[in-house]
Amino acid sequence: MAESLVVAEHLVRHFPDPSGKDVVRAVDDVSFEIRPGETFGLVGESGSGKSTVSRLLLGLDQPTRGLVRFDGIEISGMSQRRLRPLRRQMQMVFQDPHASLNRRKTVAQIIGLPLAVHSGLSRSERDRRVRQLLDLVGLRPEFASRYPHEMSGGQCQRVGIARAIALEPRLVILDEAVSAVDVSVQAQILNLLKDLQRQLGLTYVFVSHDLALVRYMSDRIGVLYHGQLVELADRHELFAEPRHEYTRSLLAAVPVADPGRRATRV
Amino acid sequence: MTSDVPASEPVLSVRDLSVRFPTRGGGAITPVRGVDLDLRRGGRLGLVGESGSGKSLTALALMRLIRPPGRVSGRLLMHGRNLLELPERQMVRYRGSRIAMVYQNPMSALNPVYTIGRQIAEAVRMAKPVSRRQAHSRAIELLDEVGVPAAARRVDSYPHEFSGGMRQRVVIAMALAGEPDVVIADEPTTALDVTTQARVIELLGSLADRHGLSVMLITHDLGVAATFCDDIHVMYAGRIVERADVHGFFGHQVHPYAEALLSSVCGLDARVDEPIPAVPGQPPLPGNLPPGCSFAPRCTASTERCCVEVPVPVDLGGGREAECLYATQRAGQHAGALGLGPAGGPAVGQGGPVAAPESGLDPPETDEDPGKPASGAGLHASEGSGRG
Amino acid sequence: MTAVPVPVALPVPKRRGLARRLLSTPQASVAAVLLVVVVAAVALAPLIASVPPDAIDPSHAFAPPSLAHWFGTDELGRDLFSRMLYGGRYSLGIAGCATVIAMLLGVAWGFVAGQAGGWLDEVLMRFVDVVMAVPIILFGLILVAAFGASVFTLAIIIGLLLSPATARIARAAVLAELQSDYCLAAVAAGVPRGRLLFGELLPNAGPVLIARASLVAADAVMIEASLSFLGLGIAAPAASWGTLLQQGYANIFSSLSYVAFPGLVIFVAIWVLNTLGDRLQAVLDPRRAR
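Chains as they are written, first to last, in this note's numbering: chain F, 22 to 287; chain G, 66 to 453; chain H, 574 to 863.
A couple of the hints might just be wrong.
Not the full set, but computed from the structure, chain F residues with beta-carbon under 7 Å of chain H [as the list claims (entries may be wrong)]:
no. : residue
1   : 67
2   : 79
3   : 82
4   : 83
5   : 94
6   : 105
7   : 108
8   : 113
9   : 115
10  : 125
11  : 134
12  : 135
To list a few chain F residues with every Cβ distance to chain G over 10 Å, as calculated [as the list claims (entries may be wrong)]:
no. : residue
13  : 31
14  : 36
15  : 143
16  : 157
17  : 173
18  : 188
19  : 221
Source of the hints: derived by calculation from the structure; they are not laboratory data.
Note that this is a predicted model, so its numbers are computed, not measured.
Note that the Cβ used here is the ideal one computed from N, Cα and C, for glycine as well.
Take these sequences, add in the hints, and give me the full structure.
Here is the structure:
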């Protein structure tokens, strides 16, 4: 088996309580490994710590204790400056398609930003690459000159994905990446993400509160509850035999588009 | 058009409801374009659609909460009166005591600087002339009823001291304060976690049963609609494009949009090794509707006729209606495929009232599954094969 | 339940032109017209002034307003209207330069503090607190007494004095923007700090800062006038509005118009800038204006 791409060891992240006395244990001793090429699902409800975990994985936040290794390098405690060379290998797609794009920049500038920072490409080469990326995420080239407010949520999310894959990273963290888009567009984005993974050999961390989406996307799934990883299993195993009480209640709460099943549910 | 069948006289009848906003250039956009619907007494109607479909504006129009320069036209009939013609002072009394609303975001519906007890009591007093003390004890009763633990103590808490799910319960208590006949719930659980959502929906159901409420649930979540509703109305680009009882609807969908929407849902039984059948393209903007059928550009079954001819609702019998030029054929194909009798009468044409439903009257709460396995949607397909 | 305000989202929020939204209140329209009139008059002073500002005519000292002398004359018979036009060049020039200095310094100060966080933030902001705890005029008096009153020193001193308040606003803007996903995305993309602040963040904080600049300009006019009134303005024979006000005040028993017109013009200038600043804030940054 291949080496793990990401290792999280006993991650702990405490935040000061709003009252200032106590601490909030946002992440409480979480350990897992992510293998290259797989999709690792993280499922949990609000306050489960799933967003904090994704930020820790990218070194956007520092753990209180524990460490994150990316490709064998310990990134916890690294300054943003020292992390910069690694940045091109790990990227993130955010939940809110509009908020994650700079509203005063054009699509070309937004997608071009990581290219401008990391690649030695000239402006015209960058523009060509932007067009290539737009094509890859299914947007016509004329979108290059648009501003975020001129696009729908789904289109913005495609731009966010194009930005994330611009530098051909190895790891992409999808933090609730389809939660804010409409159902009919959600399927388009999910399909696109799977296509891109196949084409570019990406490793995904798929973070979501939606068990059905996590199931569809992920090979292995971790269930977060109050900052702890209460269950970690292969997809098949998790859905066939959920072990933890919380996983079972989560599974039971998913509304199913089948009125015939509700008598047993409600 | 005509008055309704007495046997199933609806509590709320909406006819030709439109909402229109002027635009800068002197034109106007019409995000809600001629909606007809009937809410039966004790019924649970699900208005399903994506963002921008006009479902939330429909709800606000029903409450007469569209603000100028927005304009509402049509008829909102309740107890034989057109709510749109009521003077605002009377409408204020109607809101709350006859028709109440539960909002998506409980935090914006609650005033952060007053205790929840005061806010509920205020809602009680607005509907009925009772003393402050009576209103306060009624507030405690209501909180208790919506399942807020230790209601007598928590009545003096402020909204921020509650969790999201509890806040939504408070909002529901406020909606119940005036003992309304109709509750309009606009995405009441969208801001909540899955497990909380299930409990709030359950609560809403039991309250509706206990108080004989008629509920209109507005949601984008087909799963929530399937769990809660008796009737489903699907909204697209400001029109109701398909209406059916819940079993009929989830059994098969006549309108191509409804079918595509349902099959694009990534459910717990989606096949993980296949792409999800997505609806291509984006929903149209209200100011930029295509000519002909508004779904035609995204429809895989569209013909040249669809791009020029505006479809009208087609009555398919059994309370079912679809606004598609090929509705009769599409429904017929289904009936044929399932070996049922001829489905649907001739196309009625105009958006007339739904024919008296026979099968749709009883709330389908049994376990029996009248719908046959969904065609194409794959919703009932066997558990997706886990990858080896 | 019934009284709950419901935000009705217009389905297609069309952005109306900035100018049109800005001028949608009567006060703002009046203020904008006055601003154009005052700035144009001051800028075109040589064309408008029929009499040179320093032409002495002692026989007509303290003349009341007339067709020949719109604002009357001063103790030496100089035309007050001309003196106001030329005085505006000093007042508005100093205020304008001071505003630029206050904005540049304040934004850099606030941005660095907000982005750095930790001890640097603490030190920079405590310094802001200290400066802001002392009345600006008092500080101004000391500095002008120490460095003299030329157009150059006045602009720098007033700019310095107004920068801490700007720093505070700029820091708040940075902190708000840094929370947003697009900034996180930029950090995740490895965008260096300087580029993050001035390439990504500044365009978004721009509206807040533009509105702030207008309010700073109003303060600058006021402080310049105050210093001049206290006798620490630019030296005679040059005179700013504040100097004229002071001289008018000294001669209040000889001529009422002498003190009234400078006072009125200063008041109008400050009102105009404040009104436009508030309106800009309301239009460009609705969250803060509330």
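Please flag the earlier hints that this structure goes against, numbers listed from lowest up. As far as the earlier hints go, 1, 3, 4, 5, 17 are violated by this structure, in ascending order.
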